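*Asks:* Single-letter residue listing:
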Amino acid sequence: MCETCGCGNKNGFRIVDPGSGEFTHEHDHHGIHSHSHAHHHDDMNEHPHQDKIILNVDILAENNRIAALNRRFFEGRKVLCINMVSSPGSGKTTILEKSILELKKKRKIYVIEGDQQTTLDADRIKKTGVHAIQINTGSGCHLDARMVDAALQKLDIEAGSILFIENVGNLVCPAIFDLGEKERVLVMSVTEGEDKPLKYPAMFETSHLCIINKSDLLPHVDFNKDEFIKNALHINPHLEFIELSAKNGDGMNDWQEWIINKNPAS
Amino acid sequence: MRSAVKGQPTSNELSEIGYFYTMHELSLAAEVIKLVESEAVKHNARSVDEITIEVGDFSGVQAEAFRSALEILSENSGIRDARINIERKKGKGICPACSQEFEMEQRIDRCPACGEFPSEIISGYEFRVVSLTIEND
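Read top to bottom, the protein sequences are chains V and E.
Residues are numbered in our numbering as their position in the first sequence, beginning at 1, plus a constant of 776.
Residues are numbered in our numbering as their position in the second sequence, beginning at 1, plus a constant of 105.
Since the hints were made in silico from the structure, they are not lab data.
A portion of the hints provided could be inaccurate.
Stated by the list, open to error - Distance ranges between label pairs, derived from CB positions:
id, chain 1, residue 1, chain 2, residue 2, range
1, E, N190, V, H1010, 30 to 38 Å
2, V, D1026, E, P201, 35 to 43 Å
3, E, Q205, V, E959, 29 to 37 Å
4, E, P201, V, E1016, 19 to 27 Å
5, V, D827, E, C219, 45 to 53 Å
6, E, K147, V, L845, 21 to 29 Å
7, V, E1003, E, C219, 50 to 58 Å
8, E, I227, V, H1014, 18 to 26 Å
9, E, D186, V, G936, 24 to 32 Å
10, E, E225, V, E1003, 20 to 28 Å
Stated by the list, open to error - Derived DSSO-like pairs: lysine-lysine, alpha-carbon spacing no greater than 27 Å straight-line:
id, chain 1, residue 1, chain 2, residue 2
11, V, K880, V, K930
12, V, K972, E, K195
13, V, K854, V, K1038
14, E, K139, V, K975
15, V, K1006, E, K139
16, V, K828, E, K195
17, V, K972, E, K194
Predicted model, so just to flag it, every value in this text is computed and none were measured.
We put the beta carbon where it would ideally sit given N, CA and C, even for glycine.
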């Protein structure tokens, strides 16, 4: 049950501004809750008025509709929205922290952080001096377009800026939820296996860029980079790759250049 | 820790289930219930007898997890008596060399005749409510 209003909808999520501590509780109070079945029918012969309704409705249609509205909002304001996805612990937040320190000299930066609980990541991002909003998904394993829409209402995003959305660390569910982003960036680290594209094809298929992070560890691990890239390209021939180390800064210039080139404000 | 509850969960139990079902199948099941309920209202249905859903092997949705999420959530909804049919759709690709259609178990499968990766996937991404059977007065 939703803890704030007690409405019984466990799909509620929270938007937290770590600066003010202010939070909003968002969810739909949807559907009919009436239970009009006064009796149970045991015999199919009691159903003379059965109708078949053909729907063929995509179950993700509502998410996709809101994602399209988000996308139009970004396009209208010439905001570059980047959805960062990965397994937990791949280094997304560290990459963001370090890139923001440079990027904020050129563009206004905003960050939406998605985690099941805590504002730890948004707190880290706020220390770089940019505006960050935390979405706590509660039991949810991914961000959806509705959550991003709610967070956008808390961020008065200036035209020509860059918005990073750091998704919940998970290679499965975030793949199927469009948030309205222009670019989806998949962060992999060399401590993961080169067979990841084969195991989690949907995430590789829907991403535009793959960052191969923690490259400073390459001499110490068995990661076969060529095999990894080959596997990923079988799934998605258009995928781009940037190898970097957020720790020692290798490749960070390539990554920042990639972002600036994608920014419609430039 | 307790496994997912079947039967007649109360709303408190449902909120606990939410923590065990930390996956997208639960929120997608909620979408289906919302959709079916609004169709039922639109057609003045007394009840919904059957819901048919197509789930492709590459859709990112685990068919069995989706079914149990739907069964648990529908207990507290207007469609709790409906029979849920889940039709799995196999992956199918087109070979760029021989132009033949071939079945795919996995996304990385190649044409069994030519050994080529598919140039196009024509089936496997489906995730939709196909039809409802409702009862009218």
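*Asks:* Any hints from earlier that this structure breaks? Give me their numbers in increasing order, please.
*Replies:* 7, 9, 14, 15
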